[in-house]
Each structure stands twice: as C-alpha cells, then as structure tokens.
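Peer 1: What follows is each chain in one-letter form.
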Amino acid sequence: MIERLAELVNADAALVRRGRFLTTDFLVEVGDEPYLVSVQDGRIASVTRGDSRDRPWRFAIRASAEAWREFWQHMPRAGYHDLFALTRFGRARIEGDLLPLMANLRYVKEVLETPRRMARRT
Amino acid sequence: MAARTEPIIGRYVHLTLGGRPCRVYFEEAGKGIPLLCLHTAGSDGRQFRHLMNDPAVTDHFRVIAFDLPWHGKSTPPVGWENEEYRLTTAAYVEAVMTFSRALDLDRPVVMGCSMGGRIVLQLAFEHARELGGVIGLEAADHQTPWYDTEWLHRPDVHGGEVCAALVSGLVGAPAPDEYRWETLWGYMQSGPGVFKGDLYFYRADSDFRDRVGRIDTRACPVHLLTGSYDFSCTPEDTLRTAAKIKGAEAAVMEGLGHFPMSEDPARFRDYLLPVLDKVRGARA
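These protein sequences, in sequence, are chains D and C.
Counting from 1, one number per residue, gives the positions in the first sequence under this note's numbering.
Counting from 1, one number per residue, gives the positions in the second sequence under this note's numbering.
Okay, chain D solo, but in the shape it has when bound (with noise of 0.2 Å):
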C-alpha cells in the first residue's frame, strides 16, 4: 500500500495543491519497515524502504502492519478511522517535529489516507 503512496497523491492536483506549502522528509513506520517519504512542493518525490542516519526526517509516525492495515480499509471501523484515533488508542506514535505536520495537518492526514482508495477498488 504505501509503496503506491507517490502515485495516488500526484494523481490528485487538489491533495497536491494543499501540500503546496510543504517540502519535507518524514517517516512512516509499517511494523518493523520503515518507508521514508519525500514531499517536494505537495508532490510525493520518493517513498524508500529504511531509515538511515544519512536520510534525516522531520516527523515519524510508526504503528504496527495491523493497524494500517485496518487504517486502509475503504471504511475503516471505529477506533483505526483516523490518526489521531490510533494514537488516542496507543496503536500509533509520532515523533519529531511536530511543526510541518500541525502547519499541514489536513494534507498529510489525506496523504495518508489515500491508500483507502485502492480498497475501494478491489
């Protein structure tokens, strides 16, 4: 699911053009595998597989295969429905900076969320 995140976000000019603003690098923690994903002006510029000291990230949100796994349901039940939703339940950690998230919170959980959209298809 997330190695398609680069795809599903450019493909819609209007999540691009919220993200507009925002040129970052944060990580996404899928269980064990970290993915490190590369905005550039909205866009998704790269998402690759691990973490390392030499590819510095702002922001980390790390939740088990489990629970992304329900966050990308096309109609995710209660309680994995949202971000925050998995953090208020302690099935998700952020950690960093928090500033580029907060500044972009609409587009980054939207980002996030576009993985629902393959769900819709199958």
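Just so you know, the hints here were simulated from the structure itself, not pulled from any lab data.
A virtual CB, placed ideally from N, CA and C, is assigned to each residue, including glycine.
Sample of chain D residues facing chain C (criterion: CB under 8 Å; computed from the structure): (1) M75; (2) A78; (3) R88; (4) R106; (5) K109.
Far from chain D by the CB rule (all over 12 Å, computed), these chain C residues: (6) A3; (7) A102; (8) R214.
Chain D is fixed; fit chain C onto it per the hints.
Peer 2: Structure of chain C alone, referenced to chain D:
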C-alpha cells in the same frame, strides 16, 4: 417568493454575562416544548440547522440554538482584543441560564454536544428544577485529552486549518461528504484562540466525576447519546458516566461520530426521535 426558504428565524438578544454586556445571536424554529441546543467547542449554533428543518422535531418542540459569546454571530465582549478567552464552568452555566431566563423558556430541555454535553450534566446537577431534562450528545463527566491545545493558536500554524484537521477524524467514517465538510467548515471559521479557550473549560475546569452521582433524574431526566466513531468522548466514557447517574438512559449511536446533528443528520434522527418521544411522554 418562489425560492425555497427555511423556517429558521435568527435574532439577537442583549444579555449581561460576567457583568458585561453581550450581544448574543440565536436561531429558532418550531413550537412546543423548548429544546435549547448547545453547540460544540470552537463552532456555533448552525450545527443544529437540520433539527430546525425537521417537522418530526419542530411539530412538537421549539428548537432554539444560541451562539456563545465569541462564537458564530455573537460578538466577543468589548475589550476582547486584549484578553485570552477562557470558558469556565461558572461562565458557561451563567450563559445558558441567563439566555433561557431572558427568553422566558418554561423548563427547557437542554441538549448539548461535546462541551455542551459536558455542561448539561452540571446544569442537571445545579438547576434541575428549572429544566425539563437534559440530552447529552457525546457527553461524559470527564475524559482523557488526546492532543496539545497549544497547537490551536499560534502564528506559525493556521488556526482554522489546524482546528478542523484535528477534529476531522471525529466525524464518523460513514458520514456524507457534504455534511462532514460543512461540520469542519464551522471549525475553520472559529475566531483565533476560541476553540482553545473552550477546551480550557472542557479539559481544565469541568471534571464532574465528583457530582454526577448526585443528579436527581426524577427532577431532571438525563439522556446520553454517543457515536461509535467518537474517540474523543468514547462510548465507554459515556456509558461509565451514565452508570453513575441513577435513572439516566444512554445509547451508543452506530456509525456516528462526535458531531451527530451536523455530520449525519439522517442517521442521527433515528436515535434522537425516540428520545424526544420519551421527553414528550414524560412531560405530558
């Protein structure tokens, strides 16, 4: 006039709150038992527009919603530009009771959502004999905070955008897009620091765990309704609260979130109308 108009009428009433003159906006529709509606933190009375357009409600109830000072079309009191707005339990109770008395409402049923759901518990505790009952939507006597309110009002984060983005997930997943976004628009329109100031009441000045057990539901019936998708005031928070209030009735609304009346009015009325029937039956 050929165009469709709604039966809602809006007016302004002048009240003295906290010793200061306040110009308070309210809307109403319908005739019958006064149903006084209290909006959520950081929003305004427009959240109740669907109830005011529903004859199943307005045939029996006079539905009234006012915007708290600082909210919606109610102006902040003179001098606001140098103050930090902070709602307190005392100020909130004063606002509701002063408004109700100003309009000569006879034992109104007070229905509030979220922070409005919190304050109705205090109203039932403190003013039971003046009220005809309370309906708490997404209501609990206390709940655990889930984010830092400092993000809500600072120059490097847009307040309207962040308020809406923080609460967006509190809308139930099945809610129709039209009403999901209208609900969030209300949050985007709130004045700087107003949502944060409301949350001062909600988080720091309204732990009612010590008193809800003393609410007399024979004098003031208590109904609590909470959406299954609400992770701020969870169904467990509400059911725990209801269990402490002898005679209180509580239900979980499947598929709804934290803003039932505005996010998914069709689904909400299925849960609300039976409660309103009980209210009428008890009143008859």
